[in-house]
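Chains as they are written, first to last, in our numbering: chain A, 1 to 589; chain B, 1 to 589.
Check the hints yourself; a few may be wrong.
One copy or any two copies: either way a pair holds, since identical chains are not told apart in the list.
[To be verified] In silico DSS-like links for lysine-lysine, alpha-carbon gap of 25 Å or less:
| hint | residue 1 | residue 2 |
| --- | --- | --- |
| 1 | Lys562 | Lys572 |
| 2 | Lys551 | Lys562 |
| 3 | Lys500 | Lys302 |
| 4 | Lys26 | Lys562 |
| 5 | Lys531 | Lys302 |
| 6 | Lys218 | Lys439 |
| 7 | Lys439 | Lys531 |
| 8 | Lys396 | Lys551 |
| 9 | Lys26 | Lys396 |
| 10 | Lys302 | Lys562 |
| 11 | Lys551 | Lys439 |
| 12 | Lys500 | Lys26 |
| 13 | Lys572 | Lys403 |
| 14 | Lys26 | Lys536 |
| 15 | Lys536 | Lys302 |
| 16 | Lys536 | Lys572 |
| 17 | Lys551 | Lys403 |
| 18 | Lys206 | Lys227 |
Calculated directly from the structure, the hints in this document are not laboratory data.
Protein chains: 2
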Amino acid sequence: MKTTLRVPGFLRRYLPVLEWGAQYNKDTFTNDTVAAVIVTIMLIPQSLAYALLAGLPAQMGLYASILPLIAYAIFGTSRVLAVGPVAVVSLMTAAAVGNLNLAGPAEYAAAAIVLAFLSGLFLFVVGLFRLGFLANFLSHPVIAGFITASGMIIATSQLKHILGIRANGHNLYELVVSLWEHLAETNWVTLVVGVAATAFLFWVRKGLKPVLLRAGVKPRMADILTKAGPVAAVVITTLVSALFRLDQQGVAIVGSVPSGVPPLTIPSFDLDLWSSLAGSAVLISIIGFVESISVAQTLAAKRRQRINPDQELVALGAANVAAAVSGGYPVTGGFARSVVNFDAGAETPAAGAFTAVGILLAAMFLTPLLYFLPKATLAATIIVAVLSLVDFSILKRTWAYSKPDFAAVAATILITLGFGVEAGVSAGVLLSILLYLYKTSRPHIAEVGRVPGTEHFRNVLRHQVETDPCILSIRVDESLYFANARFLEDYIYDRVVGNKGLKHVILMCPAVNEIDMSALESLEAINERLKSLGVKLHLSEVKGPVMDRLKRAHFLDELSGKVFLSQHQAIKAIQNECDAESETQTLAV
Amino acid sequence: MKTTLRVPGFLRRYLPVLEWGAQYNKDTFTNDTVAAVIVTIMLIPQSLAYALLAGLPAQMGLYASILPLIAYAIFGTSRVLAVGPVAVVSLMTAAAVGNLNLAGPAEYAAAAIVLAFLSGLFLFVVGLFRLGFLANFLSHPVIAGFITASGMIIATSQLKHILGIRANGHNLYELVVSLWEHLAETNWVTLVVGVAATAFLFWVRKGLKPVLLRAGVKPRMADILTKAGPVAAVVITTLVSALFRLDQQGVAIVGSVPSGVPPLTIPSFDLDLWSSLAGSAVLISIIGFVESISVAQTLAAKRRQRINPDQELVALGAANVAAAVSGGYPVTGGFARSVVNFDAGAETPAAGAFTAVGILLAAMFLTPLLYFLPKATLAATIIVAVLSLVDFSILKRTWAYSKPDFAAVAATILITLGFGVEAGVSAGVLLSILLYLYKTSRPHIAEVGRVPGTEHFRNVLRHQVETDPCILSIRVDESLYFANARFLEDYIYDRVVGNKGLKHVILMCPAVNEIDMSALESLEAINERLKSLGVKLHLSEVKGPVMDRLKRAHFLDELSGKVFLSQHQAIKAIQNECDAESETQTLAV
Chain A
1 MKTTLRVPGF LRRYLPVLEW GAQYNKDTFT NDTVAAVIVT IMLIPQSLAY
51 ALLAGLPAQM GLYASILPLI AYAIFGTSRV LAVGPVAVVS LMTAAAVGNL
101 NLAGPAEYAA AAIVLAFLSG LFLFVVGLFR LGFLANFLSH PVIAGFITAS
151 GMIIATSQLK HILGIRANGH NLYELVVSLW EHLAETNWVT LVVGVAATAF
201 LFWVRKGLKP VLLRAGVKPR MADILTKAGP VAAVVITTLV SALFRLDQQG
251 VAIVGSVPSG VPPLTIPSFD LDLWSSLAGS AVLISIIGFV ESISVAQTLA
301 AKRRQRINPD QELVALGAAN VAAAVSGGYP VTGGFARSVV NFDAGAETPA
351 AGAFTAVGIL LAAMFLTPLL YFLPKATLAA TIIVAVLSLV DFSILKRTWA
401 YSKPDFAAVA ATILITLGFG VEAGVSAGVL LSILLYLYKT SRPHIAEVGR
451 VPGTEHFRNV LRHQVETDPC ILSIRVDESL YFANARFLED YIYDRVVGNK
501 GLKHVILMCP AVNEIDMSAL ESLEAINERL KSLGVKLHLS EVKGPVMDRL
551 KRAHFLDELS GKVFLSQHQA IKAIQNECDA ESETQTLAV
Chain B
1 MKTTLRVPGF LRRYLPVLEW GAQYNKDTFT NDTVAAVIVT IMLIPQSLAY
51 ALLAGLPAQM GLYASILPLI AYAIFGTSRV LAVGPVAVVS LMTAAAVGNL
101 NLAGPAEYAA AAIVLAFLSG LFLFVVGLFR LGFLANFLSH PVIAGFITAS
151 GMIIATSQLK HILGIRANGH NLYELVVSLW EHLAETNWVT LVVGVAATAF
201 LFWVRKGLKP VLLRAGVKPR MADILTKAGP VAAVVITTLV SALFRLDQQG
251 VAIVGSVPSG VPPLTIPSFD LDLWSSLAGS AVLISIIGFV ESISVAQTLA
301 AKRRQRINPD QELVALGAAN VAAAVSGGYP VTGGFARSVV NFDAGAETPA
351 AGAFTAVGIL LAAMFLTPLL YFLPKATLAA TIIVAVLSLV DFSILKRTWA
401 YSKPDFAAVA ATILITLGFG VEAGVSAGVL LSILLYLYKT SRPHIAEVGR
451 VPGTEHFRNV LRHQVETDPC ILSIRVDESL YFANARFLED YIYDRVVGNK
501 GLKHVILMCP AVNEIDMSAL ESLEAINERL KSLGVKLHLS EVKGPVMDRL
551 KRAHFLDELS GKVFLSQHQA IKAIQNECDA ESETQTLAV
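Same shape as in the complex, but just chain A (with noise of 0.2 Å):
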């Protein structure tokens, strides 16, 4: 007899593995399978890479890539998303640690497992408590600033790789002044190899393809083989290395590299080293939740799936306590990886798991392979990868659209450049939100007319419009709230104060969605001093939810003039009403 499992809802939403796991067969497992070699392959050299960029040992890359995947299968919602260490947040990791002058790689390489704790913690939290709208507050804009500003600083930090050169910085001038210093002491073998790297590896991005596919390999396929230009750089460059014996030739290699499974580490409770690396974390997490956050959407959106972003992180979170845990460093949902997975066939997050499985055996078998690894192999798939998320577009974009988006993207770009990943997008961050507050505290004012023969009020000054006199009309493009209150307030004071005629004033509101507690006690001093003026206040077409308001505050009882339902019929009764009123005094006369 078959029983059906019957899971509650909550470990479903906590667990998608149970969800996509009861429907595991052998079709998925093959796919999984094809999926996760590639990937494997490709993430290998990635791994070491990403892990001297952050100036770890090079296992730690390893490490960061075998738990932190098997987590992200169990709690993750994307069914192709691939974990493990990107970039940027290897960037960040090694501005954060190094930030720190510890002593040794020891204490470096326990600054970085506190870090990928931390950030494990955070996300974690930030998901159980559903405040993923959090990283909202990064504007497109911002992101690809910032990842443009941190594609040209890693560029530029593994040129001394590539130069076989001592330099460092954690920023572009600090960078390119080290180099320059170091200059002279340039290793010509290393700088051949390097050079000769980046250059194979730009081809296979470029060249590759075309030749490929005039040799009658599918498109897919192509896609796929031109991902493994960095195997190959690798496979060659160490089997030069070796039989040439470069290291002899002051070659930096990567040398010996501890074989077996990941260590269990626990992270330092050290109040003060968590103290100083939490605030990197938060960084360290937003950036990497929002990265895999994008690339999860736009591949689940091309297979109709839906992804869960406050699962997300909690996944996120688990997979980097798992990296925290097992010997490695921060860890996010990688892009080039992901669509590798994604166009690799991958159906479930199985496929993770493999790659786990994949690299976990690389870490075992593999490392004595990699002795004569030079580093500047590793430094040219850094360069290649990097290089092609450098995007200036976004600048002529958004001053072509917007100037407050432009100057958020050039402040994000320059900061970061010139002081840092962290000032870099906290800037970015601090400015588009001062931006956004400029600009709703001065909210686009209209004074409207009446369209001849028709029923719509236009901006007097874009069209040919009726107006009145006795009669002011204005539309406010904006929710009124603290920061605009007092400018409203000038406004309609500017506009009534000498105006002799005038008897009325109108607020049109149909794009007032909010008026908050100030807002209101400027209507109200509005109110009251119009009616010293002799001038009655009228609102028109506000709506439903902030009429409710209006009414419990009393506002409407104090008001002067009326609530029209449409400014068309607030016109025709206040029109009447100027008429009676002029009549009278014609009489009067």
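Got chain A sorted already, so can you dock chain B onto it with the hints?
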């Protein structure tokens, strides 16, 4: 021959004195002088009391009421604003300078002078660059909460003078604990003087006016006489104190106050001191400006005059710099004294200058008479003055009107009481901005349908309306920007996925005042994904400026559907399309 002096425009903007000064005549002089005499009498005890509150020597209160008034008379745009030391700014000065752990009274006074100087510079610069709108980010509820909590702290801080004990603290908790610890040291003679003075002042405030009115005094005069209560209290208690030598009974008296003109003081240019006071100076400036501009605008409106907020910043900046160079401390336009000035008939800022002369005479000749003045009397005048500021009704009103406003007020009051004035006002501003951003990040989105027989479209949840299974009409009640772009994406995907018969989505945009770059990219993504699902995206009722931008960004070229002037036109056109499609399907069957 009479020549008219021609004043260049920019001079008239920055020196309002040139305008009203040109029309000055004997009548104005008489009115201003009468007002000045009344305000001077009121200001003498106040200046001494607020200096005491700020923890400064009594004469600094007088000095702060001389040159700053002249400066405001030259630069200010309000005809009746009375500038000088006020309660809240004095409390903030005490908190700011008290935080520094200075050596002695001389350093304390020097720091207060620096604070006035920095505050003056800040106000001046903000005014020159016309950044006065920044003050708008202090919402009315936050101000109300802050004033109420400050009033409570000020009143509590003065209890030590009434009890004749030592006690200190910058928040309510510290103050209460400190008072409790020293309660046993209460000086009973001081307590009798303090309670008697407080009771007398309360009676003057509440009970004197009816008595005067019954005695035939005119209402306006009665109002002004009640403001002279503090002077009477000062005179009576000083006489009692001198006659009975209360100082020998342990009653704290003001003691010898130096006589003479204000000293010329040069603010210390100690950069450490500057940087530790800069934050406080900014807060004091903003709070002071808000208090001042509110009363100036209220009084100007009564006489149909206009206030220029940016010039007010310049004027208050000049007043504070004047305070700094003449031995004073931070000043601003006070509420009570400005109302008295107004009621007493002041017509031009010259009244302020005449008041300055009055205080100067007091500083030169009156101070020996203040020798026996009990500090308890000054404390009583402060307590009675600030308790009128304490008003918890704002909690009730915001609770009824808007929960976010309530949260901002409650947080401001609690944090001010618990952690002091600077923390309180900062938290209030930050929280109100965050709540506003939160609200706009989750905008109200309504599915709308046609009210039968009309061209009106309303929320399907609020009204009986007609909809079409082929069309989803959505109205977003907020500008689209980075913080809510993804929210809209999620909302639309949630509504569209699994909705089989759906062929068209119409986004109704009458309340969309802005679409920033992030939102544009979200719209592009929505358009793309809907297209891949075979659903068209249409827009209706897009505002002119928003439309201009969308055109510039070529979004309209990519849009799968159309843009309609009105929702009514959209529904008519699309329903035809739906009908045509279903006919085709029927024919195909």
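Taking the earlier hints as the rules, which of them does this structure contradict? 4, 6, 7, 9, 12, 13 and 14
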